[in-house]
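A.B. asks: Those protein sequences? They're chains A and B, same order as listed. My numbering puts the first residue of the first sequence at 1, with every later residue one more than the last. My numbering puts the first residue of the second sequence at 483, with every later residue one more than the last.
There may be inaccurate statements among the hints.
Heads up, simulated DSSO-like pairs for lysine-lysine below, C-alpha to C-alpha not over 27 angstroms straight-line [claimed, not checked]:
| # | chain 1 | residue 1 | chain 2 | residue 2 |
| --- | --- | --- | --- | --- |
| 1 | B | Lys632 | A | Lys433 |
| 2 | B | Lys543 | B | Lys594 |
| 3 | A | Lys134 | A | Lys230 |
| 4 | A | Lys453 | B | Lys594 |
| 5 | B | Lys543 | B | Lys632 |
| 6 | B | Lys594 | B | Lys498 |
| 7 | A | Lys134 | A | Lys151 |
| 8 | A | Lys453 | A | Lys134 |
| 9 | B | Lys498 | A | Lys433 |
Hints listed in this document are in silico derivations from the structure and should not be mistaken for laboratory results.
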Amino acid sequence: MLTPAPSRNGSFKRQRDSESPAAAPAPPAKKPTAACGACGECEVCEGPREDARDPPPSILGDLTPLATPTKPGARRVPRLESHFSDLKLWAPSRGALPRREHAIFRTPEVVDRILRFVDAARAIPREKPRHRRKPQSLSHALLMYDGDQAKAVQAWHEASVAARSRSAPALQEPGLAPCLQVNKLWHAVALAIITENLAFADHRRFRQLAACPRQQRARFSRPSSFVLHKLSRLTQDELDAVAPLVASEKLRWLELYICPKVLPPVPVFQHSRNIEKLVLPGNRLLTNEFIMKIAPHLGKLRVLDLRACDQITDGAVLSITSNCPFLEVCNLGRHRNGAAITSVSLVALARNTCIDTVGAAGCHVTDAGVWELAMHRGAHIRRLSLNNCRLLTNNSVPALLSMNYFPQLSVLEIRDVKHITNLRPIVAYTSGKRALGFPVLVEGGERIDLLIKEEEWRMERERSARVLAALSEWVNEEDPQD
Amino acid sequence: MSMVSGGDTPLLPHPKNTFTLKIGLIGDAQVGKTSLMVKYVENVFDEEYTQTLGVNCLSKKITLGSADILFYIMDLGGQREFINMLPLASEGAKAIIFLFDLTRPETLKSIKEWHRQATGFNEQAVPLLVGTKYDLFVNLDPDYQAQISKQSMRYAQAMDAPLIFCSTSHSINVQKIFKIVIAKLYNLTMRASEIKQIGDPLLIYKYLGSSRRPASGSSTSSGTS
């Protein structure tokens with residue numbers, strides 16, 4: 001029984017022997033066809049005789065559970081995509097084989113890049129952006145949606161529901177949290193990335209940060225943004241405990257959205273001279289004195305949001321405007337204490353800053369202030385919110401628009417400005433802009449929206465009359481050619 | 483200056499409208515559909531005959547103070563094999579111009595069938611009945627002229643279509659055809675006097691083609707460049 005086996009092996013051996021001196025470094029797959037055909041039954045030639053595609057022994061490496069990519073063979077170059085998609089952090093069969101991740105998962109720079117992509121999906125809690133303000137009544141909703149009953153009813157329903165239950169925006173878990181638990185390297189990299197943007201909408205989580213031990217804090221990065229969203233029970237002590245973590249030259253965005261009982265400590269501003277966005281709406285403690293203290297450190301400020309900060313008056317705005325030459329967005333809108341902000345603020349903003357968005361809702365600004373804004377910054381103004389500015393008249397925005405003083409205006413809010421009755425310049429401006437392909441949003445509230453609709457209709461009639469007159473004229477021209 | 487209404491922004495231009503009007507030219511082979519189109523759009527006349535294969539189209543823009551008119555003229559080859567392309571020329575057209583050769587009575591007779599087919603695809607379009615080659619027609623026997631004129635008037639009446647005799651080579655009534663289209667589409671008062679004398683290039687439009695259609699066009703609002 002044993003006799004045939006040696007002969008087979010012998011033939012195999014012989015064949016290899018005969019080959020090896022000729023092409024020793026070549027892989028066995030490169031056997032010359034002649035030799036193979038001669039052996040007839042050798043193991044290598046079993047199966048289809050496609051010598052050119054004979055797999056090299058190294059192909060076995062691809063099949064092992066430890067699916068790290070093999071060095072591509074000379075003839076079989078895998079596509080780049082498959083190369084990467086095959087990468088695995090862990091071997092698929094757990095336990096049996098030693099855990100060994102690919103080298104790229106051990107390179108801090110590469111891990112950093114990968115985790116940053118994961119982090120890009122993280123949402124910072126913020127005020128929900130809206131396209132339009134809520135309708136004031138069902139009839140207003142109908143007006144806003146051009147008589148589309150279904151849409152109007154829905155919008156009105158949403159508006160009335162939202163008024164009753166102010167639901168906090170749903171917060172997504174930071175996508176990087178699980179990465180903290182992979183290994184030391186991953187923990188360090190993920191922690192550095194997570195702490196670059198500190199955002200809290202949950203009081204408990206913020207307390208955990210405040211209670212964080214010192215050695216842990218040392219591993220945090222200096223954040224570029226610090227956002228607290230509606231932490232109404234936050235105390236000054238808790239905020240002060242975190243302040244040293246936040247203050248740095250890297251900080252660009254500081255936001256305490258409706259955190260009425262706390263103020264960011266002044267030293268934060270002394271250490272963070274690159275703040276570009278300061279958002280403190282709904283703060284009851286914010287005073288002129290505080291603004292005057294921090295303004296000298298806000299030389300790079302671009303966005304300032306002080307909505308519903310009732311104690312802020314013209315004085316604070318003056319101190320801001322004299323210290324923040326790059327200010328672009330300034331919102332001073334309020335429901336109470338409107339008399340504290342007057343045209344003085346508008347004039348200061350107009351003369352000293354790069355302002356393009358002004359929110360002065362509910363403030364006692366006058367036509368003269370708006371004119372000053374138009375004279376100095378008119379060509380750059382993009383958004384104007386003048387809701388409830390009861391001192392404004394037709395001589396403000398309507399007159400200025402008719403003289404084309406705000407050529408870039410794209411959002412105009414004039415709800416409940418009872419002295420504005422001349423909507424023709426506004427309608428002419430919006431229709432002209434729309435014809436050029438630039439959308440313009442005018443929020444006028446029910447009364448003004450209705451006037452706008454009427455004016456649009458009137459202008460449309462005039463326009464069609466003009467067109468018909470032009471056509472009539474052409475039809476009745478004498479034809480020299482006929 | 484009547485275009486500028488008082489108090490508007492001086493720097494922002496008025497939104498200007500372009501009225502895009504598709505017009506179909508339909509009729510037997512060699513009556514002069516393509517010639518009429520080319521004459522109207524480019525103001526040239528070529529004696530040589532070129533058969534239209536399928537559909538030709540040209541557009542002409544007329545710039546007025548507060549609106550533009552864009553005539554989009556489609557001319558269907560007159561051979562029977564192109565009848566399946568009739569929808570291309572007639573569907574969506576604001577006006578359909580039925581052409582016949584004044585020197586060939588059988589082309590007038592065909593109008594009946596063309597009209598029946600085209601209105602099957604488009605009932606809304608303003609129909610016009612246009613007799614071509616008036617320059618040749620006017621030299622023919624007066625009895626023949628009278629006969630053809632009366633017959634075409636009867637057709638025009640039946641189709642409720644303005645009737646126009648034109649000559650592309652001699653530029654007679656070419657511009658009028660398209661002005662009548664506009665006048666009929668928008669219910670405008672056109673003051674050009676009618677020509678009803680047999681032997682003259684007939685121009686009968688006042689009481690024809692005004693019914694059934696509302697005074698609305700396809701106005702596509704577009705920005706001024």
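A.B. asks: So if I understand the rule, the pair passes when the alpha-carbon distance is 27 angstroms or less; does lysine 594(B) with lysine 498(B) pass?
C.D. replies: violated, 40 angstroms
A.B. asks: Hinted pair, alpha-carbon criterion (27 angstroms max): lysine 453(A), lysine 594(B). Please report holds or violated.
C.D. replies: The hint is violated at about 49 angstroms.
A.B. asks: Assess, step by step, whether the Cα of lysine 453(A) is no farther than 27 angstroms from the Cα of lysine 134(A), and give holds or violated.
C.D. replies: Measuring from Cα to Cα gives roughly 18 angstroms; hence the hint holds.
A.B. asks: Do the alpha carbons of lysine 134(A) and lysine 151(A) lie within 27 angstroms of each other, as the hint requires?
C.D. replies: holds, 13 angstroms
A.B. asks: For the pair supplied as a hint, lysine 498(B) and lysine 433(A), confirm whether the alpha-carbon distance does not exceed 27 angstroms.
C.D. replies: holds, 12 angstroms
A.B. asks: Could you grab the alpha-carbon distance between lysine 632(B) and lysine 433(A) and see if it respects the 27 angstroms cut-off?
C.D. replies: With Cα atoms ~55 angstroms apart, lysine 632(B) and lysine 433(A) exceed 27 angstroms; violated.
A.B. asks: Hinted pair, alpha-carbon criterion (27 angstroms max): lysine 543(B), lysine 632(B). Please report holds or violated.
C.D. replies: Distance of about 35 angstroms is beyond 27 angstroms: violated.
A.B. asks: For the pair we were handed, lysine 134(A) and lysine 230(A), check the Cα-Cα distance against 27 angstroms.
C.D. replies: Holds - the C-alpha atoms of lysine 230(A) and lysine 134(A) are around 21 angstroms apart, at most 27 angstroms.
A.B. asks: Between the alpha carbons of lysine 543(B) and lysine 594(B), is the straight-line distance 27 angstroms or under?
C.D. replies: violated, 31 angstroms
Hints 1, 2, 4, 5 and 6 from the earlier list are contradicted by this structure; the remaining hints agree with it.
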